[in-house]
Each structure stands twice: as structure tokens, then as C-alpha cells.
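2 protein chains.
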Amino acid sequence: MSVTAARGFTASGVSAGIKDSGAPDLALVVNRGPSYAAAAVFTSNRVQAAPVRWSRRVIGDGALAAVVLNSGGANACTGPAGEDDARAMAERTARALRVEAEQVAVCSTGLIGVPLPMDRVTAGIDAAAAELSEDGGEAAAIAIKTTDSVHKTAVASGSGPDSGPRSGSGPEPDRGPGPGWTVGGMAKGAGMLAPGLATMLVVLTTDADVSAPTLDSALRQAVRTTFDRVDSDGCMSTNDTVLLLASGASGVRPDPAEFAEAVHDVCLDLALRLVADAEGASKEIEVRVVGAASEQDAVTVGRSIARNNLLKCALHGEDPNWGRVLSAIGTTSAVFDPDRLDVSINGVRVCRDGAAGEPRDKVDLSGRAVTVAVDLRSGDASATIWTNDLTAAYVHENSAYSS
Amino acid sequence: MSVTAARGFTASGVSAGIKDSGAPDLALVVNRGPSYAAAAVFTSNRVQAAPVRWSRRVIGDGALAAVVLNSGGANACTGPAGEDDARAMAERTARALRVEAEQVAVCSTGLIGVPLPMDRVTAGIDAAAAELSEDGGEAAAIAIKTTDSVHKTAVASGSGPDSGPRSGSGPEPDRGPGPGWTVGGMAKGAGMLAPGLATMLVVLTTDADVSAPTLDSALRQAVRTTFDRVDSDGCMSTNDTVLLLASGASGVRPDPAEFAEAVHDVCLDLALRLVADAEGASKEIEVRVVGAASEQDAVTVGRSIARNNLLKCALHGEDPNWGRVLSAIGTTSAVFDPDRLDVSINGVRVCRDGAAGEPRDKVDLSGRAVTVAVDLRSGDASATIWTNDLTAAYVHENSAYSS
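Going line by line, the protein sequences match chains A and B.
For what it's worth, numbering that gives the first Met the number 0 labels the leading residue of the first sequence as 0, then goes sequentially.
For what it's worth, numbering that gives the first Met the number 0 labels the leading residue of the second sequence as 0, then goes sequentially.
Just so you know, these hints were derived from the structure itself, not from any lab.
Cβ coordinates follow ideal geometry from the N, Cα and C atoms, glycine included.
Do not take every clue at face value.
[Stated by the list, open to error] Below, simulated EDC-like cross-link-like pairs (lysine to aspartate or glutamate); rule was C-alpha separation at most 20 Å, straight line:
1. K282/B to D268/B
2. K18/B to E137/B
3. K282/B to E396/A
4. K282/A to E396/B
5. K282/A to E396/A
6. K18/A to E137/A
[As the list claims (entries may be wrong)] Chain B residues, not near chain A, derived (Cβ > 10 Å throughout):
7. R119
8. G290
9. R323
All chains, please: the whole structure from these sequences, using the hints.
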């Protein structure tokens, strides 16, 4: 049910003809209220697509009535005409829904530098508006796919201020159960993983009655340790957008910590689905750094390991090449002593005190899940980064994409 | 002639049996004087191989009598035993040459984390010492190869303080011509390019009569704009070493600027040979950044572009995907306005003012040489980074390496 798991939301997805393939490529998510609080996190890339610039502006007042999303074109690096197109998408959506353009966020994903076919986009918006439904979450999630092999949705719910959230996902997740509240979401991507199509897009919805500042705090906190720690190929998109809209339709005002936990659960679920579906990946790699002097050190070391092409190739080849892990750690300025580094791969401590430990042939890398655990032995902080291996399939997919 | 192009040097390369293949794997370069000035630059990786730690220490006094090098094993992350092995290599070489161990630098290249077979290494040192010759430069260059498909040498010479250096390379370069002086060198690698074998090793020799501080200054200056700007896969080795030894055998004390230029020419020649021979590469890519507010900005932007896997895949697929160039620029903190960026690929300005410029189908990417030129339009500084494309062959070579 994705973005329509929470009460107060309708959604739809249609084929507007933006993609040559005829696959679904335009989606709407509409907040029916009674509340319209919203929060957003955008790419930190300084080259930002026109829809990101638009959405960043309209989220300023902490309220949104709708989101219009398209795949098949990123509307990035498209100059002033691209800015006009993003605004036109919001205006057309606003007219169809009888709201203000400034209440409509815009998300686009696809090839950079190519103008959108605006006649098809505007017709598609009208068609999508006509198909809005309380069951439209799946269709919306499907319409934002690019190279995604599957669409990604997740849901978590809480029954009130006194109980913890329950999370789950699947084809038929709970719809805002009884007196409780729900957080649901959809994602496409890519993301910082492998934005061959230039974007990670995520829309989360909730029927909890939550103010914009509380939404903003919960979203930033969740993104920081989920989407921001997914790093497939170190490439950062011009279009990355994560939106959270609250309808208040459950009438429940949850405990902020419980609500934040539910938002985190949904973000983590979606983030791991992005890693699992990364372009060309054959291994899902969890890089867990412990014993760091600070969380920042742990993240820096984890990211350096996750971005090391040589290690990613080695793990693809099922070679527990811990030397490449040490080499990646050594490029950082984190606090550590090179002669006191420990590395375990899938539970086998192949490196102890910066030198060979257990025999590398004890490591079983035949499965899809790989854990690289590093102990910097310099403090109590930790962090996890999720990445995947580097494969010939990744090279192929990203060599052939725009041609 | 590589390291024996300059007078006062002998060299050799032998098969010591470190490599299972039986290929040459041990080299000596010996300075016969009358002067023994030397300078060195080492990897900035904080995880440093035992030979790097040893050489860094013995270069402290600005003098070296010899260098012993092996391929087939990096002696990195090998703990205290590895430190002992590096020292033993210097001691064995010193005994064979009747010099002090503290006058001998050690370089190793190969897999990280595996101890060297020291019985074979020491026997190999004795054999190499017996084969030292004024014509041994080629043999030495061959013995340091790992995944290199060809060995790499270069030579530049100057006839005195009043004339500029002449550079050239090939199977029979000039040997220290008449009253002039020569800078010669050999390289293996890899480097920051694609250190699947963990190392870029470079030994330069000269018969110019140059003091250690002048050598040091010339070497650092040259490395900064040559080897440090080669960036094949963003991975930094634990073993990278560049050595420059001066015998003074020509009797000529060159103008420092002219000497520095000759060292730069040899370093650039060798650096470009490394790029050309990078693992699995099918394109040699020059990333030229102009209009930067500072040289540091230009280097940062160039490196971000050169490390972008998505762009490297696109260029491999002969797709002039300038959107990925902009996306890479956007991740830096360099001074620029996203709406005033220009990008040319092989001479065609495909991006102007941050948006589409000339049609991308005008770009011819069928050849091996690719130039990506970026104008940040924010100042007068510039820099060039050399890299290569990302290919399935790179993935294959680095997946299969240690198994």
C-alpha cells in the first residue's frame, strides 16, 4: 500500500509516454488532510535539478498538499526552461487538485540534461489526477521506477502514545489500524547507490497528527542513519529527494520518540531495499565500524571502505582481501593505530593487529550477504554503511544507459 | 636504459622465485658515486608497508647507495615479522655491495598481508648483485612488473647549466651525452591508478651533481603535478614509493630550474605510461579543469570527475554523458556557479551554462584518447588529472587477483 497505507492519502501512477517503453512514468501522491504538515531532505549536490530547486522552495512553509513525480527524465541541468517546466508541473497538478502550486512538490528522475516532453507530462498529470485512489500506492511506486527491478514500499504503524511502532512490509501491510497511526512509503533508486538514472526518490506519508517541526526532526534523524549511509558507488545525484507528508487523519498525536522510531524503521527498510536492488550487484555488503573515536570517524572509515573499487571487485570475486580494507582505512584521517586494526569478514577475523589473523580460506563468501567488520580500537563510537559489490554487470548497465 | 641511462649507476633484475610464475621478481639499482645524494616521496596512506617504513627512515640523511626492489609480495600489513624482513633485505643487499644497510632503500610490490619467502629473496639478492651491470636498467624495470603489460622507462638529459633538457624514451635512449647530464627512470604500476598489486614504484637516477635538498625540491615539485595527478580508481596504495638518486658522475652541476624540469619531464612521461597501461583500461582520459578560483579547486574538481564510476562507465560505452560530469563537480566545495559551468568532451562543448550545449552526437569517442575539459568560470587556475575508463576487464582483473 506504500504511500496510501496511511489514512488521508490518495495516489496514482500512469503511463504518460515520457518513457519510450510505454512503462508507467508519472505518479501523484495527494494529502487529503485534515492536516498538511510536511518535511523534506534533498541532495547535498550543489548541482541541483529544477524540481529540487522548486520543491526546496515550496517546502519552506512546512506544508504540502501533493507531490507529482515522473520517471523517464531528471529535468536536471536543463537551464531556465527546466525551471519553467518544474513550475508548470506543479501548476498543472495544483489546477487538477484545486490547490495552490506552492503546495505541490515536484520530483523527477531519469537522464540529466534532456528537457521533459511537457505536452505528455501535463496530459499525464491530468490522467493521474483522474485515477487517484486510496489503493493507488502500489501504482505510484511502480511509476517512479527507472532501472529498479522491483518497486519498493514499506510500512510501520503505532497504536498510540504508549506503545512502540510495529514495522512490516509486503503486498498487504496494515492500513492505519483502528485508533493507531501508520507511516508508509515508497522509494526508487539508485540514490547514493548507483544513480545511473540520477535519482533516489522517496515519499513517506503518515496519518499521525504531527507538526512540521516534529516531522522535520524525525525525518532528518532517520535519513542521517539510513539513506545517508547507503553508498553503492559514491556518486551523489542531482535529484535525490525524501519527502514526509502528514495528514493527521488518524487523529492520534504520537509520542515524538515513538514516531521518530517508526519513520526510521520505514527509512531503513526502504534503504536496504535500494541496496538489494542496486545496479548489477551480486553481493549486499554491510560495513560495520566499531571502536571509533567518534561517530564521524566511524562513518568516514565505513564510507572509504564502501567506496573502494578494489575491495568491491575482490568481494565480487569472493576473495576476502582484507589488505584492501586496511588500505582504504589508511586513506582517512580517523583516529587509529595501523598496528592495532582488526578486520573480520563474515565473522572470521582475517586481520588482527594490522596483520594476518585467521586463515582467509575460512571465510565463506558464497552467499549474497557480506559483513565487513572493522574495529579501530580507538573509542566507543560505531556506524554502519551499506554498499554492494562492483561487477561487470554494473559496468555494462552504466556504459549502455543513455545510448 | 632506464635507471642506467645516467652514469654512475648499475642495475640488474633476476628471477628469485618469489612469483610462482618464475618471472623476474627482484631488482637492484646501485649508485657507484662519487656522490650519493637521494630524495624520496612515499604514499600518504597511513597504513604503510614495512619497506616504506624502512625506506622513510633511511632516507632521512639524504643519501642512498642502493635500492633493492621485489615484485610478487608487498610486505604490507605483515606485522613485526614484516619489519624484520624489510630490514633483512637491506642488510643482505648491504653485505653484497659492501655498504651500510642504512644506505639501502627497500621497495616491495604484490599482495598485501602475505609474508615474503625470505630464503628466496636473500638468494635472489645475492644473484642480482652478481649480475649488476651498466646495461642492467631494462632488466631491473622488467623485474618490478606485476600486472603491468609492459615495463616503463623514460629519460631526459641536459647538456649544461645554459641549455634546456631534452627528453625522450625508447629502447635506446641517450646515455649521459658527453659533458651533459641525464635523468633516467623506471616505473611499475598501478600507483594511485589501479593498485591491484598494491604499489606504484618509481626509481629515478641522475648523474648530475645535485645536493639532497635540491633533489628533494625537484622531486616533490615534479610528483605533485604528475604521479599525484594520476588517479585511475581513487585507491591509494600502502607501498607507493618514488626515489631519486644522484651519482654526480657527470661532473656537471646543472641549473636547479633546468634540472627540475628534466625530473618533471621524466616523471610525466612515466606517469602517462602508467595511465596507458592501467588495468583493464580501454580509454585514456585527460580531465582538464580551467577557470578555477585556485589550483586546489581545480585539482579537487578534476579528481572528483576522474573518480566518478558512472562517468567512467559512460566513457567506456562511448557515451558523452556530461550530466555525470556536472554531478561530480556538484559534490565538491570548489568555487563555481552551477548555472555557469561549461563542459567540452573531445572538443565539443556539450554543456554550456550548466545546460545542454552542442548536440552530444557530435562527440567522437571512438578513439582511445578522451579529453574532458571543464571551465568553472571562477578564476584563472587550472589543473589536469589523468585517469582511465571503468571496464568489465578491470572488474575481472581485480576480482580474480589474489585467488
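So, going through the hints one by one against the coordinates:
1. For the hint linking K282/B to D268/B, the alpha-carbon distance of about 18 Å falls within 20 Å, and the restraint holds.
2. The hinted pair formed by K18/B and E137/B meets the criterion: a straight-line CA distance of about 19 Å does not exceed 20 Å.
3. For the suggested pair K282/B and E396/A, the alpha carbons sit about 18 Å apart, so the restraint of at most 20 Å is met.
4. With a C-alpha separation of about 18 Å, the suggested pairing of K282/A with E396/B holds against the 20 Å cut-off.
5. A threshold of 20 Å between alpha carbons decides the hint, and for K282/A with E396/A the separation of about 16 Å falls inside it, so the pair holds.
6. Note on K18/A and E137/A: the hinted pairing holds, with a Cα-Cα distance of about 19 Å set against a maximum of 20 Å.
7. Consistency note on R119/B: stated as away from chain A, and its beta-carbon is indeed over 10 Å from all of that chain's, at 19 Å minimum.
8. Non-interface call for G290/B relative to chain A: holds, since the shortest CB-CB distance, roughly 16 Å, exceeds 10 Å.
9. Separation of R323/B from chain A is inadequate, the least Cβ-Cβ distance of about 7 Å not exceeding the 10 Å criterion.
This entry does not satisfy hint 9, going by the numbered hints stated previously; all others are met.
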